[in-house]
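A.B. asks: Chains as they are written, first to last, in our numbering: chain A, 2 to 617; chain B, 2 to 617; chain C, 234 to 571; chain D, 234 to 571.
Calculated directly from the structure, the hints in this document are not laboratory data.
Where hints are given, some of them may not hold.
Only pairs whose alpha carbons sit at most 30 Å apart, straight line, appear in this in silico BS3-like list of lysine-lysine [unchecked claim]:
#1 C/461 <-> B/437
#2 B/192 <-> C/554
#3 D/425 <-> C/483
#4 D/376 <-> C/320
#5 C/237 <-> B/437
#6 D/364 <-> B/191
#7 C/461 <-> D/481
Facing chain A, a subset of chain C residues (Cβ under 8 Å, in silico) [said to hold, decoys possible]:
#8 335
#9 378
#10 382
Where chain B lies over chain A, by a calculated footprint (3+ residues, C-beta under 8 Å) [said to hold, decoys possible]:
#11 323-332
#12 358-372
#13 375-385
Note that CB positions come from ideal geometry on N, CA and C, so glycine has one too.
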Amino acid sequence: MSSQKEIIKMDEVVIRFSGDSGDGMQLTGTQFSDTSALFGNEVSTFPDYPAEIRAPQGTVGGVSGFQVHFGRKEILTPGDYCDVLVAMNPAALKANLQWVKPTGTIIVNIDSFDEKNIKKAGYTADPLEDNENWSYKLVKANITNMTKETLKDSGLDQKSIVRSKNMFALGIVYWMFDRPLDHTIEFLDKKFGKIPEIAEANKKVLKAGFDFAHNIQALAYHYEINPAHIEKGTYRNITGNKATAWGLMAAAEKANLPLFCGSYPITPATEILQELALRRDLGVKTMQAEDEIAGICTAIGASYVGNIGVTTTSGPGLALKSEAINLAVITELPLVIVDVQRGGPSTGLPTKTEQSDLNQALFGRNGESPMPIVAASTSGNCFKFAYEATRIALEHMTPVILLTDGYLANGAQPWRIPSMEDLPSITPPIVSSDEKDYLPYKRDAKTLVRKWAVPGTKGLEHRIGGLEKLDGKGSISYIPENHELMCEYRRDKIQLISNNIPEQEIFGDKDGGEILVIGWGGTYGHLSTAVSELREEGKNVSLAQFNYINPLPKNTKDIFSRFKKHIVFELNLGQFVNYLRNEQPEFNYLQYNKVQGLPFTIEEIKNRINDLLKEK
Amino acid sequence: MSSQKEIIKMDEVVIRFSGDSGDGMQLTGTQFSDTSALFGNEVSTFPDYPAEIRAPQGTVGGVSGFQVHFGRKEILTPGDYCDVLVAMNPAALKANLQWVKPTGTIIVNIDSFDEKNIKKAGYTADPLEDNENWSYKLVKANITNMTKETLKDSGLDQKSIVRSKNMFALGIVYWMFDRPLDHTIEFLDKKFGKIPEIAEANKKVLKAGFDFAHNIQALAYHYEINPAHIEKGTYRNITGNKATAWGLMAAAEKANLPLFCGSYPITPATEILQELALRRDLGVKTMQAEDEIAGICTAIGASYVGNIGVTTTSGPGLALKSEAINLAVITELPLVIVDVQRGGPSTGLPTKTEQSDLNQALFGRNGESPMPIVAASTSGNCFKFAYEATRIALEHMTPVILLTDGYLANGAQPWRIPSMEDLPSITPPIVSSDEKDYLPYKRDAKTLVRKWAVPGTKGLEHRIGGLEKLDGKGSISYIPENHELMCEYRRDKIQLISNNIPEQEIFGDKDGGEILVIGWGGTYGHLSTAVSELREEGKNVSLAQFNYINPLPKNTKDIFSRFKKHIVFELNLGQFVNYLRNEQPEFNYLQYNKVQGLPFTIEEIKNRINDLLKEK
Amino acid sequence: MCDKKYTPADFKSDQEIRWCPGCGDHAIIASVQRAMAEINIPKEDWAVISGIGCSSRFPYYMNTYGFHTIHGRAAAIATGVKCANSKLKVIQISGDGDATAIGGNHFIHALRRNIDLTMLLFNNKIYGLTKGQYSPTSEYGKKTKTSPYGTFEKPFKPLQLALGAQARFIARSIDTSINLTKDIIIEANKHKGTSLVEILQNCVIYNDGAHKYVTDRENARDRQIILKHGKPMLFGKNNDKGLILNSKGKLTVVEIGKHGVKLSDILVHDAHCLDPHIHWLLTNMEAPALPVALGVIRSVEDNAYNEELEKQIVNVKQSSKIKCMNDLLHQGDTWEVK
Amino acid sequence: MCDKKYTPADFKSDQEIRWCPGCGDHAIIASVQRAMAEINIPKEDWAVISGIGCSSRFPYYMNTYGFHTIHGRAAAIATGVKCANSKLKVIQISGDGDATAIGGNHFIHALRRNIDLTMLLFNNKIYGLTKGQYSPTSEYGKKTKTSPYGTFEKPFKPLQLALGAQARFIARSIDTSINLTKDIIIEANKHKGTSLVEILQNCVIYNDGAHKYVTDRENARDRQIILKHGKPMLFGKNNDKGLILNSKGKLTVVEIGKHGVKLSDILVHDAHCLDPHIHWLLTNMEAPALPVALGVIRSVEDNAYNEELEKQIVNVKQSSKIKCMNDLLHQGDTWEVK
Ligand SMILES: Cc1ncc(C[n+]2csc(CCOP(=O)(O)OP(=O)(O)O)c2C)c(N)n1
Ligand SMILES: Cc1ncc(C[n+]2csc(CCOP(=O)(O)OP(=O)(O)O)c2C)c(N)n1
Ligand code: SF4
Ligand code: SF4
Ligand SMILES: [Mg+2]
Ligand SMILES: [Mg+2]
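Please put together the full structure from these sequences, using the hints given.
C.D. replies: Here it is, written out as structure tokens:
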């Protein structure tokens with residue numbers, strides 16, 4: 002399937018597939034992304050769909066999109082602007098035109114540009130006419146009609162025929178980027194194994210799209226994006242939510258403890274529960290509780306009897322769990338609370354991403370209630386930090402909050418599969434019947450961690466609860482000095498975790514320099530891409546992206562002191578920066594904030610840093 | 002009833018009545034405090050009883066105490082140490098001896114110092130023997146036996162007779178401080194109106210105690226504490242919880258709106274609900290909801306239809322309400338949430354005081370969720386700040402958190418009754434059917450406050466909810482820039498409240514000086530007493546006690562900049578000081594913290610400040 | 234009642250409806266709008282309060298006062314609304330998850346207290362908005378995204394849970410039975426106290442056909458019984474089947490004309506009976522042995538909480554000397570400092 | 234069972250009991266300790282989980298594993314305990330406020346799911362620990378600190394609420410009936426699934442005599458009926474009163490020997506009957522017309538949630554190729570980079 006047309010080499014490309022919710026764009030995008038990953042590219046994706054289950058057809062509100070960024074260098078974000086936009090209808094064009102690069106290619110399904118659809122999209126006139134000023138390359142394809150034509154003898158009903166038009170679009174794009182069709186063909190055979198007519202039809206349309214692209218004038222060249230230099234290993238695609246679920250299970254297996262997850266469904270966290278529920282084969286127990294409070298309470302009950310209890314949720318659910326979290330704080334039971342952040346306050350923007358639950362995670366409980374907080378920074382490393390959260394919970398006998406966000410959770414990326422053997426060991430302080438002179442609140446001198454006697458252990462019967470407890474023995478105590486001591490123990494215990502986490506790394510100049518960009522959690526891809534582009538331009542900029550939030554890594558102050566200026570980027574109105582002002586008050590932090598339910602763009606980050614560089 | 006014994010003049014005295022839970026010490030203390038207030042003294046009191054409903058008799062855990070501090074100068078705290086201790090049994094002595102001044106007088110009911118009770122109290126030997134080193138004046142009185150003797154012809158049963166022994170003790174103390182008996186006599190007549198035998202018996206015992214004191218050798222002198230120079234007006238005794246309830250009602254009356262309180266009982270906040278429930282005569286609606294969440298939700302429902310919705314709780318309850326608070330934040334409905342702080346985390350120390358819910362109040366919600374916070378600083382000014390919280394909620398269309406604490410809530414103090422006419426006016430932005438072009442989220446240009454169209458208002462039908470809303474119209478909006486705009490509006494709206502609250506005052510040198518002591522809320526009495534004592538000693542120390550926490554008064558920075566050193570005292574591990582580090586980062590704050598479920602002592606405050614003065 | 238004569242269209246808001254095409258919610262909103270037009274009180278006196286879920290989008294589509302609140306709390310917020318202003322007519326909307334999962338506690342307490350609300354429970358036996366997890370009303374063994382190998386939970390029967398919570402008014406309808414739903418809502422609106430209406434609703438996307446056995450047009454008349462107070466409990470294509478109480482006190486289907494059964498043998502529906510015994514049996518009926526009960530099953534007069542609250546205020550006001558804050562401030566022990 | 238023969242004293246912890254003298258809780262803990270001694274499983278296999286309230290101090294006084302949790306959540310935490318380790322025997326302790334006010338939702342869901350717990354509900358019809366506010370089980374009109382002019386709420390009947398939530402095991406006892414409580418707990422412990430035991434408990438301080446009409450020694454035998462499975466429903470001083478089902482399907486008291494009533498006419502208690510109909514009637518009995526039902530009212534075999542969860546794990550494990558995390562990590566689409 003070679004072509005005589007010109008070939009252009011590129012380092013990276015962004016494609017956005019967009020159409021009506023029913024047009025199958027998520028599947029199309031995933032296929033392209035998987036094929037590219039298999040081909041050896043670095044890939045990052047971003048699915049973007051309406052909040053409604055079935056948003057009204059043909060309208061901008063009903064547009065579903067899937068963006069794929071792939072290339073031969075490190076790809077860490079789905080990209081700000083796209084090189085290729087596939088728009089299956091006028092609404093898709095309207096919703097996405099602003100995100101196309103001036104030199105980009107737009108492929109439209111011209112068959113859907115009738116008066117009705119143009120109106121529904123909110124255009125007063127056909128946007129494809131009178132657009133002489135466009136710098137885009139416009140490819141008008143009769144995607145619907147050609148699909149119909151291709152399948153006219155298939156014997157399928159019209160609805161099924163039209164539904165496969167997404168494969169035609171995919172075929173066009175495969176040709177453009179010189180991709181093999183086999184992965185998708187295999188996929189179609191598997192997916193429609195039971196209805197071979199449909200599998201055949203889809204494959205036929207896919208090839209028809211490919212051939213169409215090969216033949217028409219409008220596409221004068223195609224592109225070559227060579228494989229990237231990727232670390233050796235076995236890879237798979239993984240979403241943040243799946244990676245989170247797997248990280249939890251990996252930690253449980255490593256600690257040799259049963260995993261129990263009590264949760265209540267909530268967007269965008271539900272998939273973690275769903276993924277865990279699939280894993281009865283690994284002995285995972287999940288319970289869809291009656292509400293968030295029951296979710297965490299069942300998990301606490303499970304932790305109490307020697308499981309690793311887990312509960313998963315998003316902002317409003319975390320608010321509901323806050324009273325119960327404190328029970329785990331005062332009883333010093335291990336527990337992992339996963340909060341997949343979304344736009345707030347209140348119900349807010351449930352399908353959008355944000356980093357605005359940090360305050361709540363740090364401070365949202367009555368009394369003096371210190372707790373470790375860990376944040377994932379890529380879809381893939383949700384695995385690592387779910388593992389770390391669990392490790393910390395078990396080794397330090399404390400609830401831990403893992404923060405991810407809607408962007409990481411739904412986003413997928415190729416991910417190198419770790420080997421279980423290489424993961425750090427996890428040793429919870431469980432005691433057995435032999436334990437001499439067991440006292441439930443006797444602490445390890447170095448870590449201040451108490452020991453865990455699990456119900457069922459002969460001879461270690463004891464009572465715990467939410468009232469303040471006597472140092473050592475753990476019985477109820479109203480002694481004033483004891484309360485202060487216990488509050489200090491609980492605080493210091495969390496601070497001492499800094500001995501059990503790695504030092505903070507710097508991307509850029511380890512020995513210091515002009516500007517230190519500071520980020521945390523899910524903004525990593527955008528911040529590091531921006532910083533690396535600036536560095537390529539010769540700018541003196543480095544990045545510290547935090548995953549361990551409380552406690553902060555021990556070298557934080559040391560690192561900060563090596564830079565002249567400190568600017569904190571985050572997707573909220575300034576929560577981490579305020580936290581740093583308390584924890585490391587020696588520095589004068591600048592801040593850049595965005596609260597739009599969207600990730601940063603590389604462009605805005607670079608602009609802000611360039612401005613700062615000019616201020617010199 | 003004069004006496005020939007010597008009279009000693011004093012400025013102030015602290016008395017502590019203590020005995021078994023069943024010994025009637027709360028009543029005794031209250032009587033003494035009321036009588037002194039009526040006499041014209043300044044008074045401050047502190048009740049202190051066991052967490053258990055009926056703690057075991059005779060044990061230290063079962064001791065109930067009531068401390069009264071009164072004098073001819075300003076009295077702002079119940080006092081650290083007492084001049085007179087009344088101990089009705091050995092356990093009471095054991096529990097309180099450490100709080101008696103070296104020169105103090107201890108009156109014991111010697112009849113209860115039998116072997117059994119001495120043991121129960123945890124003494125190995127009679128503490129009244131072998132105590133040559135005691136510097137105290139010890140008065141051994143056969144209180145039980147003399148009571149029995151007094152009433153032997155009363156015809157009452159033995160149990161009732163013994164129960165009135167607290168009046169004997171009260172009589173002794175009345176004589177010591179030359180107080181009239183009439184208030185207590187009147188009280189007894191009223192209280193036991195229906196059983197005159199009991200009233201008579203109590204009065205008889207009271208007088209017997211008085212006469213006993215007059216006669217015995219052990220009491221060589223009595224004391225004169227002249228009336229204080231107190232602001233003119235009508236006074237009454239009031240607890241913090243009652244003052245809170247009344248402040249809420251006063252604000253509702255002033256705003257001419259119905260008051261609705263939905264709450265769930267929780268120590269130490271329950272009395273606010275109970276007090277409001279009494280006031281059906283003022284049209285107050287209260288509902289004991291099924292839980293805290295229902296409590297706040299019914300209040301939000303009431304606010305939605307034009308009431309002032311109120312919910313009252315303590316720490317764990319505030320945690321449960323946090324999700325619903327956010328609904329009021331995003332819908333911009335007025336609502337008052339009263340949090341009577343207690344020892345945390347979790348169930349913690351429910352009957353003890355603490356200031357550790359500030360973090361939760363400021364930050365304990367998902368998303369960007371700004372909210373005004375107001376804190377009362379005396380039992381009496383709970384009225385004023387409940388009023389202020391309501392005024393702010395109504396005039397700025399926002400939920401407001403009022404923070405009080407267990408110390409203020411249960412403490413009582415003489416309180417000058419305000420006149421309703423003098424209270425500031427309250428004008429909620431309610432609109433009527435005439436309103437032209439009503440848009441639910443159109444904002445006042447200066448205050449950013451939206452207008453309130455209450456269901457039932459013809460022609461202004463509209464919908465509100467917890468999803469992000471379109472600027473102006475208020476319909477659901479997923480537009481990224483709109484979300485950011487609304488987040489900023491909500492933040493700025495709260496900041497602009499600083500135009501509608503008074504400036505921060507300074508106690509001491511308004512023009513600045515060496516040390517500024519900074520406090521907030523319920524520590525006022527102790528901090529101001531300590532500072533005023535230090536100032537009397539000629540030390541350069543001033544106090545800024547904050548009641549408006551978010552936003553801070555506009556002149557905060559200005560005030561702070563006039564002092565060289567800033568030290569923040571609070572009953573937690575440093576929550577307000579961290580907040581100041583964010584809000585006013587220009588200063589280098591020192592901190593002094595205590596988390597023992599108890600108020601500060603004047604002594605420890607002075608020691609810390611003296612140390613700081615030495616550091617110079 | 235009011236001067237204006239409303240039509241259902243008057244209750245449609247300007248917001249585009251976002252439910253999936255074919256969703257049962259479309260029919261339910263039509264029923265509600267028709268009922269409101271018939272009831273014909275001033276439009277501004279309706280308050281429609283919902284929780285979170287597909288069904289809870291309801292208020293946005295209604296041209297009345299409306300409040301889309303938080304998940305599970307609709308009953309509690311509606312309680313506050315009604316108690317604070319009893320002049321308003323309050324419709325509370327919840328899905329099966331909203332009402333019986335996270336909102337279960339408020340559900341039972343509103344019913345127990347008898348707050349004057351019309352509570353519409355959209356029972357599609359699934360979580361729609363979060364894309365298809367089982368709910369407390371999903372059938373045993375159901376496979377969903379969170380129960381990939383099937384659940385092992387016995388479902389609630391919402392009307393039976395309501396009776397357990399001392400409900401005074403319970404009714405049941407089907408989304409597509411627009412007139413029946415409308416008639417029930419009109420009755421519910423008249424009833425003072427909490428009126429619970431369970432509406433069997435179809436979610437075409439995540440639980441299509443969940444109620445098919447009952448709603449299936451062809452067999453509907455054999456599988457449904459529409460109860461009317463004072464009328465014999467008859468059903469069936471030819472209206473010749475009926476219910477009787479057998480010797481063990483259980484409901485049984487008989488056929489008129491067979492085995493000597495006469496019309497007069499058939500139980501007469503008494504919705505007003507204080508003792509919920511028969512109502513309980515009616516909520517317990519399950520296919521195929523018995524038809525599913527529709528219509529108003531129980532409707533018993535009792536004081537509403539909000540009424541009694543107001544009555545108490547009137548009474549206490551009459552006997553109290555405290556008429557305003559100044560009175561209260563000066564009540565009891567006070568003293569003058571001059 | 235275990236080697237050691239326990240006595241009740243083995244279950245007493247070293248903590249001093251802090252309930253008021255005369256509180257019904259003292260008798261209840263004695264019943265539980267006796268039951269545990271008789272059941273005689275290893276002490277370390279008991280987990281006693283409570284919420285918050287006077288009654289919820291219970292675990293501190295037991296020399297077993299114990300967890301005093303947070304208000305209202307005992308059922309949810311106990312659910313987690315049992316599902317995570319089904320070898321443990323779980324006793325859940327709640328007051329009426331803990332179980333039916335703030336904890337109402339977890340209460341109904343535990344019962345619906347049939348988690349294998351023994352749930353003891355200490356019903357003193359008041360909030361004890363917070364010093365005397367009414368609870369959802371307080372009688373209509375009750376004056377308390379938060380209802381100074383009387384409530385206007387109809388109370389829950391906890392056992393009826395439980396039936397509304399599909400309960401499989403319900404029972405009732407009285408604090409001072411130590412042997413009855415003990416026997417019920419032994420039965421509850423045998424029953425797999427949620428066993429709800431309502432215990433009428435006297436709070437001497439804030440609600441003294443709340444159950445006096447029923448518990449009053451003199452008339453006890455006329456006002457209480459102690460149900461035993463398979464035995465006729467007899468009661469009365471002379472054991473000559475009995476219950477029958479009348480023609481309207483309602484329970485009625487008859488006297489043996491009068492109007493020709495014979496022992497064989499009396500209803501025989503069938504606690505195991507799947508249909509809860511008669512059990513419902515038994516929970517609905519109220520003085521003075523009918524005696525109050527005590528003993529095990531309903532006890533129906535059904536799979537417990539925790540059992541089924543474990544069964545599902547065994548089944549899925551058998552058929553799945555994924556045996557460990559490494560298998561999972563490499564399952565499905567993967568590719569090599571060399
Ligand atoms: C506190 C909280 N928890 C969870 C959610 C997520 N959530 C929204 S709707 C819903 C359930 C929807 O099911 P149902 O109530 O039956 O309504 P339906 O969509 O089926 O009409 C859930 C779990 C939420 N919005 N808020
Ligand atoms: C979240 C929370 N809300 C409220 C309370 C206060 N509280 C403690 S126990 C209790 C009710 C006690 O009544 P009940 O459950 O009947 O137990 P009892 O004391 O009568 O045994 C309440 C309201 C609390 N501890 N936590
Ligand atoms: S998902 Fe189901 S319930 Fe929700 S709108 Fe669509 S059809 Fe209706
Ligand atoms: S207050 Fe009542 S319930 Fe609580 S311990 Fe005392 S008697 Fe028992
Ligand atoms: Mg549903
Ligand atoms: Mg109780």
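A.B. asks: Would the hint on residue 378 of chain C stand, with a C-beta cut-off of 8 Å toward chain A?
C.D. replies: holds (5 Å)
A.B. asks: Does residue 425 of chain D pair with residue 483 of chain C here, judged by a C-alpha cut-off of 30 Å?
C.D. replies: holds (28 Å)
A.B. asks: Sort out whether residue 437 of chain B lies within 30 Å of residue 461 of chain C, counting only the CA atoms.
C.D. replies: violated (47 Å)
A.B. asks: Just to make sure I understand the rule, a stretch counts as covered if three or more of its residues have a C-beta closer than 8 Å to a C-beta of the chain. Does the region 358-372 of chain A meet that for chain B?
C.D. replies: holds (count 11)
A.B. asks: Measure nothing beyond the straight line between the CA atoms of residue 364 of chain D and residue 191 of chain B; if it is 30 Å or shorter, mark the hint as holding.
C.D. replies: holds (24 Å)
A.B. asks: Grab the minimum C-beta distance from residue 335 of chain C to chain A and call the hint holds if it beats 8 Å, violated otherwise.
C.D. replies: Constraint on residue 335 of chain C satisfied, holds at 4 Å.
A.B. asks: Is the interface hint for residue 382 of chain C satisfied, with its Cβ closer than 8 Å to some Cβ of chain A?
C.D. replies: holds (6 Å)
A.B. asks: Assess, step by step, whether the Cα of residue 461 of chain C is no farther than 30 Å from the Cα of residue 481 of chain D, and give holds or violated.
C.D. replies: holds (20 Å)
A.B. asks: Within a Cα-Cα threshold of 30 Å, do residue 237 of chain C and residue 437 of chain B meet the stated pairing?
C.D. replies: holds (22 Å)
A.B. asks: Regarding the pair residue 192 of chain B and residue 554 of chain C, is the alpha-carbon distance no greater than 30 Å?
C.D. replies: holds (20 Å)
A.B. asks: Has the region 323-332 of chain A got at least three residues whose CB is nearer than 8 Å to a CB belonging to chain B?
C.D. replies: Coverage by chain B holds for the region 323-332 of chain A (7 residues, Cβ < 8 Å).
A.B. asks: Mind checking, does the region 375-385 of chain A have 3 or more residues with a CB under 8 Å from chain B?
C.D. replies: Violated - the region 375-385 of chain A has 0 residues with a Cβ nearer than 8 Å to chain B, which falls short of three.
Going through the hint list in order, the structure does not satisfy hints 1 and 13.
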